[in-house]
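Chemist: Listed here are the chains, written in short residue letters.
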Amino acid sequence: MSRWPILRYLLGSHTIFLLFIMFGVYLFIGVVVAVVAQFTEIRLSGVDAIGQALPWVALGYGATAVNLVATTLVHGRTRREFLAQHPVFQVITTMLIAALITGAFAIETLVYRSLDWQQKVQEQRSYASASDYPMIFATHWGMLMTWLMIGVFIGVAFYRWEAVGGLALLPAAVLVLFTGGINGFFSLPFARTDLPLLPVTLTAVAAAYALLWVSARDMPLKTRVA
Amino acid sequence: MTLSIQTTDLRIRYGDTEALHGLDLDLPGGKIYGLLGRNGAGKSTLLSALAGFRKPSAGTVLVGGQPVFENVTATTKICLIREDGWVGDPTDNIGDILEMAKYLRPSWDDTYANELLDRFALPRKKALNALSRGQRSAFGVVVGLASRAPLTMFDEAHLGMDAPTRQLFLDELLRDYLANPRTFVISTHLIEEQSPLFEDVLIIDRGRVLLHEELDELRTRGVSVTGPAEVVEDFVAGLTVLGRQRLGPTVQAMVYGTLDDDQRRRARGRGLELGPVGVQDLFIHLTSAENATNAPNLTGADA
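Chains as they are written, first to last, in full-length UniProt numbering: chain A, 1 to 226; chain B, 1 to 303.
Source of the hints: derived by calculation from the structure; they are not laboratory data. No residue lacks a Cβ here, since even glycine has one placed at the ideal position from N, Cα and C. Possibly wrong hints are sitting among the right ones.
[Stated by the list, open to error] Below, a sample of chain B positions facing chain A; criterion: calculated Cβ distance under 10 angstroms:
(1) LYS77
(2) ILE97
(3) LEU104
Just chain B, with the same shape it has in the complex:
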């Protein structure tokens, strides 16, 4: 079972500050979405609204076509594991928290939860507040995956994990996604490490959707053009240049947009090197102060 996500004119205010400014989303179910954004962009606020943790100030949130806030039919199908990793009472041991999850989650898979505890080498008898930061995050991942919720979201759930544990998390997520298709949303700052998992990428900036694209499509939209400065500048004139890096007489310009065959032929003919742009590079440039305000419409409908 997979769940779609729709938000319409979603606004969330904290006092005088508006964290989400009329955010519109339409995400089909059954995909792994990467949610990217700079600090304070509104990622956690958006996920909290999608999970029913926070009531929207205005607008609507539909998951699987149903409103979420205080709607148990919807919330039991949604699982959000947040960066703090607190998925139970801090003084409860993790075995007791899993026991509680069994009562509360209709889709809970207890056998899988116990397998994951072993895989992440987590001690069942230890209290949640006695776990290290990385262990607590790993336990959050266990709860998220074993929830088997049709919409499962991880908000920086990897914090404190060492590299092998993070890899185990990503491998396990992909393995379980293939075995039990559902909708995943992964919010992360580890873009290069986690982006290979994503099918779609969603970038939000200052409370608005800046970009929604398939990962493969996004990758083709960025081209790095490298060569002598004058030749590069001449070539990219009139294109959307996201940024430049200079090393002596050589310049690498990151261009947003596809190059047609003629442009590619022309570039090669002038001795320029064309290469891919990393998702992280695109993200950095798209969300940098000057680019974010001047960015063309990059959402899926127009991109």
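In isolation and in its complexed conformation, chain A is listed as follows:
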């Protein structure tokens, strides 16, 4: 029996698909910025601006993972395998996407400099400038991991408990607010911004995983309405 079949499947299909999609998104941003530049002066980083949508994309994609749990069970695998292998997929895939985003920032910096454009980033971001690459990478990786794990948890909770699963939104909101001020992607006025990025991210991901584990470890597979 081959080892880590769910992980191998996800890396061979979902990861590649997501990287292609993200690559396409950033190419599209380049085109949009070029068109806007015909009409007005460019002062903002396009790559940073689109980053505002990334947490929600990660959350939505994560919520669909519950279909994957159901499918893997139908094909003879277990919840325990999913709970062990999907997080590894999350870590690897979000790391690759964060690297791709960092690369997009670097390419944008080169282009903006050659055209003498300003490359401002949102004030609340944890990275000071669009060329602070280590921080850009760490921030995006942490944010994507956190929101993706929370999304998987919410999807499983709604599948398992239906309307009552809405209670999952409470701990999810706490985790989002807890990390939002740190990575600068969901910063409300009262959010703490002075906590260290890595410990906060790891704590949030671990907490979301614990909630996911409790929700999914003995989740019954339901029959869908045809």
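Take the given structure of chain A and dock chain B to it, following the hints.
Modeler: Using the frame of chain A, we list chain B on its own:
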């Protein structure tokens, strides 16, 4: 490879409702079992427990001697195709779902899966949620058969299929069973259509096993006695009568149990006609409200 099934005092509750009431089963491997029961009898719940889709509230489930729930050694040898036919993400096309099955199922036969796709005329590029109800069921059958799982179960997997496709399903199942012996469990309401496949019949009612018998044995246990009402009533007095149909002065009584040579001679001598009772007739009578509660012990050990 075939797998046996054992359950001991299996109970499954949904909130306040108990769907299975201490169900005991002992099914040897390498047979085709027909699982029959009325709506709400607990068939789907039982199959879900056997496949590890649902954790039992109490009791044990062993397949091939191993516990099932969250035991990958067991679950990879079990395939349950349910009536909804959802064997993948609804937005994935069926080619991608087969690709996924190849990763996940150690016993997956990709060549056979592709043959079956052609045989059932299923389009590889179409998303699962774009298939018609019958096509989705046919695709479920493809996944079930190509899994080559030592225990393969179909729970009303034929829903929405037209008659030729259902026949193709039954023919293909039998062909593959002969070529690759394994344990099949088929849950169905199409009793007359699908019962010729069964080797053993299992009837559950209200969460309990009502009957477990070989099909041939079951068929011999039902006898229809037809003739003038008074003669029939006199003949069946003292026998277990499952039901009667009356047409004018003529009555047909369905009797549960075998008739010995003397009884048969006596019936013929009085001008009565003896005939078989269909499995569906037996099922209807055995699971009807009054018969199910008063039925004698009909499980294999005592039948």
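Chemist: Hints broken by the structure, by number, lowest first?
Modeler: Every hint satisfied by this model.
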